[in-house]
Structures are given as C-alpha cells and as structure tokens.
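S.K.: As you go down the protein sequences, you meet chains A and B in turn. Here my numbering is used: the first residue of the first sequence is 677, the next is one more, and so on. Here my numbering is used: the first residue of the second sequence is 677, the next is one more, and so on.
Bear in mind the hints are in silico, worked out from the structure with no lab data behind them. Hints may be right or wrong, so weigh each one.
Any copy, or any two copies together, can satisfy a pair, since identical chains are not distinguished.
Stated by the list, open to error - Below, a list of computed lysine-lysine pairs in the DSSO-like style, where the Cα atoms sit at most 27 angstroms apart:
| no. | residue 1 | residue 2 |
| --- | --- | --- |
| 1 | K826 | K749 |
| 2 | K727 | K715 |
| 3 | K859 | K749 |
| 4 | K747 | K763 |
| 5 | K710 | K722 |
| 6 | K727 | K710 |
Number of protein chains: 2
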Amino acid sequence: MRIHPECYPCFLRQAYATLRLVTQDEGIQERVLKEIMEKLSMYEGKDPPPKVSRIIYGTIIQHLSVIDPYKEKKAESNRMAMGLYPKLKEAVRRNADPLYMAVKVAIVGNIIDFGVGRTFELEGVEALEGLDLIISHYDQFRRDLEDAKKILYIGDNAGEVVFDKVLIEELSEKEIFFAVRSKPIINDVTLQDAREAGIDQVARVVESGCWAPGTLLDEVSPEFRELFFGADMVISKGQGNFETLDDAPRDIYFLLRAKCDVVAQILGVHVGDTLLIKGGLS
Amino acid sequence: MRIHPECYPCFLRQAYATLRLVTQDEGIQERVLKEIMEKLSMYEGKDPPPKVSRIIYGTIIQHLSVIDPYKEKKAESNRMAMGLYPKLKEAVRRNADPLYMAVKVAIVGNIIDFGVGRTFELEGVEALEGLDLIISHYDQFRRDLEDAKKILYIGDNAGEVVFDKVLIEELSEKEIFFAVRSKPIINDVTLQDAREAGIDQVARVVESGCWAPGTLLDEVSPEFRELFFGADMVISKGQGNFETLDDAPRDIYFLLRAKCDVVAQILGVHVGDTLLIKGGLS
Numbered sequence: 677m678r679i680h681p682e683c684y685p686c687f688l689r690q691a692y693a694t695l696r697l698v699t700q701d702e703g704i705q706e707r708v709l710k711e712i713m714e715k716l717s718m719y720e721g722k723d724p725p726p727k728v729s730r731i732i733y734g735t736i737i738q739h740l741s742v743i744d745p746y747k748e749k750k751a752e753s754n755r756m757a758m759g760l761y762p763k764l765k766e767a768v769r770r771n772a773d774p775l776y777m778a779v780k781v782a783i784v785g786n787i788i789d790f791g792v793g794r795t796f797e798l799e800g801v802e803a804l805e806g807l808d809l810i811i812s813h814y815d816q817f818r819r820d821l822e823d824a825k826k827i828l829y830i831g832d833n834a835g836e837v838v839f840d841k842v843l844i845e846e847l848s849e850k851e852i853f854f855a856v857r858s859k860p861i862i863n864d865v866t867l868q869d870a871r872e873a874g875i876d877q878v879a880r881v882v883e884s885g886c887w888a889p890g891t892l893l894d895e896v897s898p899e900f901r902e903l904f905f906g907a908d909m910v911i912s913k914g915q916g917n918f919e920t921l922d923d924a925p926r927d928i929y930f931l932l933r934a935k936c937d938v939v940a941q942i943l944g945v946h947v948g949d950t951l952l953i954k955g956g957l958s
Numbered sequence: 677m678r679i680h681p682e683c684y685p686c687f688l689r690q691a692y693a694t695l696r697l698v699t700q701d702e703g704i705q706e707r708v709l710k711e712i713m714e715k716l717s718m719y720e721g722k723d724p725p726p727k728v729s730r731i732i733y734g735t736i737i738q739h740l741s742v743i744d745p746y747k748e749k750k751a752e753s754n755r756m757a758m759g760l761y762p763k764l765k766e767a768v769r770r771n772a773d774p775l776y777m778a779v780k781v782a783i784v785g786n787i788i789d790f791g792v793g794r795t796f797e798l799e800g801v802e803a804l805e806g807l808d809l810i811i812s813h814y815d816q817f818r819r820d821l822e823d824a825k826k827i828l829y830i831g832d833n834a835g836e837v838v839f840d841k842v843l844i845e846e847l848s849e850k851e852i853f854f855a856v857r858s859k860p861i862i863n864d865v866t867l868q869d870a871r872e873a874g875i876d877q878v879a880r881v882v883e884s885g886c887w888a889p890g891t892l893l894d895e896v897s898p899e900f901r902e903l904f905f906g907a908d909m910v911i912s913k914g915q916g917n918f919e920t921l922d923d924a925p926r927d928i929y930f931l932l933r934a935k936c937d938v939v940a941q942i943l944g945v946h947v948g949d950t951l952l953i954k955g956g957l958s
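Bound conformation, chain A alone (with noise of 0.2 angstroms):
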C-alpha cells in the first residue's frame, strides 16, 4: 500500500515518541522535529509507510547517535512476553483445535508495538478463547499447511516473537525460516531480539537484508527473495509487514491486528480487529 495524508501526522507522534526515548533536551527535539518536516515535505514518493518512516528513524538515528533508541523496551518486552510463554502453552494445549488457538495466540502477541500509538496493554490469556478472528482464511490455511514443506514466517516486533514461537512450535516437521530485521528499526525483531526469545530453537532466523519496519522486496538480500518466492507458503506478521508485502507478487498468509484508521479502512474492518488473511497477487 501507498502512503496515506493520514500518515504524517502519525509520523510526527512516532518521532516524538522516539525522541523522548533517547532525549530529554527540548531544543534537540525541536530541531530533529523540525528537520523531520523539512524532509517530510519534500518528499514526492508514493511508497508504503515503512518505507518513509526511515526518514523520520534516521534522522533521529543520525541526530542523536543512538543505534537502537529501543533497545531496553524491546528486551522488556521479550521478557514480559516469555513470562506469560507457559500460560500460552496451556491455552493451546487445551484447546480442541490447537493450531487456532496458536494463530489466534501469534497475532495476538501483535498488540505489542511501540510504533503504534495505542495504549500497550496485553489481554489476559483467559481473553484468547473468546478472541474472534475478524477476517480469518483460517481453513485455507489449514489446507495450505498440510502440503507445505518449506514455510517462510516473516517476524515483526521483539516481545511478539516469543507469541511466534508459539505458533511455530504447532508447525512441527515442518522447515521453518524466520525473517527478522537487518538493523534496529522501532522495536522491530532483530536477529539478537529473535535468539532472546529463543526462536533459533524452533526455526532457522534469517536476515530480510532489509531496513523498515517492514520488508521491502526491491530491497531484500538475494537469499531472502529466493526464500521468499521459494517457500511453499509465507506467513507474515503484523501491519508493517502488511503494508509492504500486500501486492507482491505471491500468496502470502498475513496474520496481524489493523492498528490505524487507513490500514482498517483498506481491509473494510476496525482498529484492533484482529485477521488472518490469504493476500498477495498471485
């Protein structure tokens, strides 16, 4: 999807946010604020919001010389997250369908984002079971799985991952590959957030050779593609992910929440509904 007018005074929230993450000087704020709006007004493109949000990231990155301005969040949110692991263990084991119940687990493990600006509050496990899937391809899925060897499962938040890791252990006998970000962005899963959750035990953690909250094919690694389009089936997580993989050029499972009013509009659905959805332009 395309940038939307919507997205730049969401941009301006995410930069502030950040901002007072690294700093607390007011003057410093302004000025990288301010650079930020230079850039965003001159900007002409018509490309998927994770993809200009590395305007807004690199300059506070650049400005601040800070590498990872939410370093300490994401490992909190990491072990938050694997403190409530053996309950979500429970949750599915108890469940007739244990695979739903683990779909229903992994995006659900998507409320964590820092990028977004609601409130970050993890429901109670009990919630899952009551936990409506808004838009679900669910039965596809199934189906899909079943001949599927290959699957590629492309990350999105640290602390979310351990959610993941849920999920992915329901895929047994299958050869997983786990996609995280080549470099910090926000609190997106990076190669050191995805081994803290524990995900190398599960599944094969690759790089997507790619810097945005999100992956951006024409900017992916040549391993990464050939996995991508080699991969008997792709699940994507989260709306970043969504954002920049909804028209590529294959089927892909997306499992996410829609976190703002543009991406729920696209999908004919409301903030926080939570879907899993057969998409891509195959």
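Place chain B on chain A using the hints.
M.R.: Relative to chain A, chain B alone:
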C-alpha cells in the same frame, strides 16, 4: 506559555482533522499537509501554541478557499448544548451553592473542543454533582466576585458558550463583557456563535480583535485591551486562552480542563482534570 516540541505532532493531527472536514481529495490533503510541515520546519519563534496554530489554519483556509471549516460543527455544538441548558439550570438551582455548581458547569462545557483530539463526549449532567475541581481557587473567586462590578469573561468555543451562559446568569447585577474571536478559527466562539447561544441576552458581546484560538494581548483591539486591564475581574475560559494569557500582567481566573500532556504537566495535573486557577503575573 511557549510552544513545546510535543505541539508539532498535535498541530499536524489538527491539520489533518480540519482538512478532512473540507476536502476528501487526498492529493490536496497531502499537498497542504506538506506545505504546513514546510512552514513549521522554518518556524523559529517561541510563541504560545495558539499563535503558531494560525500557520495551520491559515494555510488550509488559503488553499481550500473556505472561511469557516467548523461552521456546521459549531452550529451543531450550540444546538446540542442548548438542548442540555434546562438540565444545567436545574442542576444549578438544586445545588446548595448555585455559584459553585455554575462554575463547574462552565468548566465542563470546555469538553467541547474539536481542536484537541480526545473523544467528544459530553458527560451526563448528573456527573456534575460528583465532579471535583482538581485545583480550586473558588473561595478567592467568590470573594473577588463580591467586590467586582465590571467583569470581562473571555469565551472559548461554540457550544461551550451555552454553558458559559449558565455561569454568567449567576453573576447578576454585574456588568459583564463576553469576548469572542474576531474571525473563525477551529470551533472557537465568534460573534455569530455567541448570539446563536443567546449570550447577548446576558452580557455585552465584544470581539477581542484577535484571530487565534486564544487571546494574544499584542494583537487585541485597543477597546479589548482597555477592557482587559480596566475590568475588576477577568474570567478566562479554556486551554487556548490559558496558553496565551498565563503570563499576562494582571489577575485572571482560568476555568479550564487540561486537554494535553504539555499543559497538564505545566500545571502539575492530569489530562482531563477540571481546574479553577487564579493566575496571571500581577
């Protein structure tokens, strides 16, 4: 108060909200947002936010050739508030201290503000009974009122003006001047809005001479300035007037709700708190 870094994302949000009211053309929305970002990126002053916000509304008005984007919303707010008027009057009549209740009514009317992003939700009139003023200089307000003959009441928004009328009606036997903005900006009260709400039946309505969602003393008319410094008492409604008059060289009673983190932090309160503060730098 001077502009804070957090004001910039808020300006952009307000700009987009206003643009949506006047055009559905995303190309125009994007172009105007970019022009606003360019202007804000070059802004070097340390003015109060309501002064800077003219960059936003001025750019929109200029591009869209619209004089009053909130015209319909203001009329709707007035109508809605007038529907509540009998209940508000009843609540005042019933109370052991009608003046105190009328003060609370006036502050609660300050919820009506489309410029600030929080959900527009008018509390039940019933909730007024239990409402606490988080900062209350009410005793002093009451004492000063006894001696005052000439009162300047600086209005804030359309709709809210009906709530102001309830308070003004408790200030009987005083000479009341009710100040409005000289030109439309956001949903701020103008001469027409005040007349619609019947303010001219209980006060002399005067224009401040200023075009801003606040009161800029260096831009008001000579008549307003004379009133401002000559009145025995000045009552200022809403956050925009607080942002522009907090350092004015005279006593002012500020009646407001804290509507954003920046103002809440300055006052040491929480967003949403209702306040009656004796301020100014006299």
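S.K.: Next step is simple, just say for each hint if it's right about the structure.
M.R.: Cross-check of the supplied hints:
Taking the closest pair of Cα atoms, K826 and K749 never come within 27 angstroms of each other, the shortest separation being 32 angstroms inside a single copy and 56 angstroms across copies. Taking CA atoms no more than 27 angstroms apart as the test, K727 paired with K715 passes in both settings, with 14 angstroms inside one copy and 24 angstroms between copies. Taking identical chains as interchangeable, the C-alpha atoms of K859 and K749 lie at most 27 angstroms apart only when both belong to the same chain, with a minimum of 16 angstroms there against 46 angstroms between chains. In this assembly of identical chains, K747 and K763 lie within 27 angstroms of each other by CA distance solely inside one copy; the values are 26 angstroms within and 53 angstroms between copies.
Taking CA atoms no more than 27 angstroms apart as the test, K710 paired with K722 passes in both settings, with 22 angstroms inside one copy and 14 angstroms between copies. Taking the shortest Cα distances, K727 and K710 sit within 27 angstroms of each other both inside one copy (20 angstroms) and across copies (18 angstroms).
In this structure, only the earlier hint numbered 1 is contradicted, and the remaining ones agree with it.
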